[in-house]
Amino acid sequence: MSNVELAGVSRWYGNVVAVNDVSMNLGSGVTGLLGPNGAGKTTVLHMMAGFLAPSKGTVTLDGEPTWGNPAVYRRLGLVTERESVYDFLSAYEFALASAQLHRLAQPEAAARRALELVELTDAQDRRIGTYSKGMRQRARVAAALVHDPEVLLLDEPFNGMDPRQRLHMMELLHSLGEQGRTILFSSHILEEVEQVSGTVQVIVSGRLAASGDFRTIRRLMTNRPHVFAVQSSDDRRLAVELIGQPSVNGVDVTRDGLTVRAGDYGSFTRALPKIALASGIRVRRLLPSDESLESVFSYLVEA
Amino acid sequence: MSTVTWITARGLFGRRRFLLLFPLPVLLVGLAVLARSAGVDPGQWGQPVVYGLGLGVLLPVTALIVGTGVLGSEIDDGTLLHILTKPLPRWQIVLPKLAVATGVTALTVAVPLYVAGVLVDSVRFGLGLAAASAVGALAYSAFFLALSLLTRRPVLLGLVYVLIWEGLLNSIVSGTRVLSVQHYVVTLTDRIAPTALLDGSVSLPVAIVMSAVFTVGFTLLAIRRLRTFSVAGETS
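Quick note, the sequences are listed as chains A and B, same order. Going left to right, the first sequence walks through residues 1 to 303 as this note's numbering numbers them. Going left to right, the second sequence walks through residues 1 to 236 as this note's numbering numbers them.
These are computed hints drawn from the structure, not numbers from a lab. These figures come from a predicted structure and were not determined experimentally. A virtual CB, placed ideally from N, CA and C, is assigned to each residue, including glycine. Keep in mind that a hint or two might mislead.
[To be verified] Pulled a few chain B residues facing chain A out of the computed Cβ check, cut under 7 Å:
#: 1; residue: Gly14
#: 2; residue: Gly78
#: 3; residue: Val231
Please build the complete structure, drawing on both the sequences and the hints.
Here it is as structure tokens:
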């Protein structure tokens, strides 16, 4: 079992701070690195993979620094977000070249095993240039897995995959994690992380906003105050009824209807139909107005 | 053949910029054949074709295209990461790439220069040009390969070196020739096969030592730079 540790890591580019005092410890199993675009996920992954020196703090793999230490790649595999791949090679040649560069004893067998893992054996002899986006991604994962690494880092691995490929990749990551490997993948999509990993690290604006069990963090996210836009046949009467509800923190009457601030998402959405029915008010429109991922993350930072 | 050499060679021959290598050698040999078959005195066309076009344009431009192609293209498209994520000492990446760049450049340049040298003067002059241009290919390749790691615009800086430093400053300020690969090649050729066509403007020891300094110095610089190669986050 391998352990990746970030201790007080910051990274800045001139005056811009990309990652700010992040500490985390990754052990075996699948961990999701969640955060909106531009949060610093890729910078964190690149520092873990030894492609970026931390401006402050240390990044280690089993106690060894990852920066300037090519020996760590014996135990580490990396799949970057960028789609770059040798278009002129077939997937088999690509995986074989990776195995040879790792100086594996049986590179041909290792290449075939890696291609089987990502279900690419049928197309393994075609040039990668002719592949779909999802197939190229799988070829890159095969090359990263060819030496059976203890640690696998993946930057947005589900990008460009169709639902079936996505499911297969999720199963693959899951099984690799269950085998005791340390898997970290980044994503800006909550549902992807939810389906694959039990542990999550949430990064917002370069800072670690939340860390730990996904269900706990998810509960924090769903229990946060929500803002809804409501339109009904009688907005003022509905406002009076709603303000008496414990799940409602406040109601604004506007020209376009009501803006309701609910303290609890579940209680409010269950209570509203009952109130409307009892009062004889027809609800024409109910829209959650702050459901963007950014607002969820912002709440986590403030929490 | 090492895997890095194989991937580098496949990548180089698989890219369109490889086609840029063909017009200049064809032009050089074509001009030499045309002038020779028209019976023009080699004293009139030898220097512009061999020195002006061959050593002044064909050699450095070929080395620039190939030297920046073997590493710079992989940095640009991100494929270099596939090699960098392997437990290889960085010299095992730089040296095969330098070998491919030097080999392809030397082959592309030495053959047409040999043909032109034979048509202009003699087989010895042709062999002298081929051997000296191979040395020049090595020094240029080490320089341009290192430029790929030192700057984001290696082709532009390489062109500035070839056109401004070697093409312009060398003819105005003679002291700048000490840092000119082109003049090392001229001196080496002149010593192997002395002719009236080429006149070495730096001494032989300077040409030999500086060729070695260019090659070793920029190769070590490239290895050192690759050890601390950074990849900035795209989403940050």
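How the hints compare with the structure:
{"no.": "1", "hint": "Gly14", "result": "4 Å, holds"}
{"no.": "2", "hint": "Gly78", "result": "3 Å, holds"}
{"no.": "3", "hint": "Val231", "result": "4 Å, holds"}
Violated hints for the displayed structure: none, as all numbered hints are satisfied.
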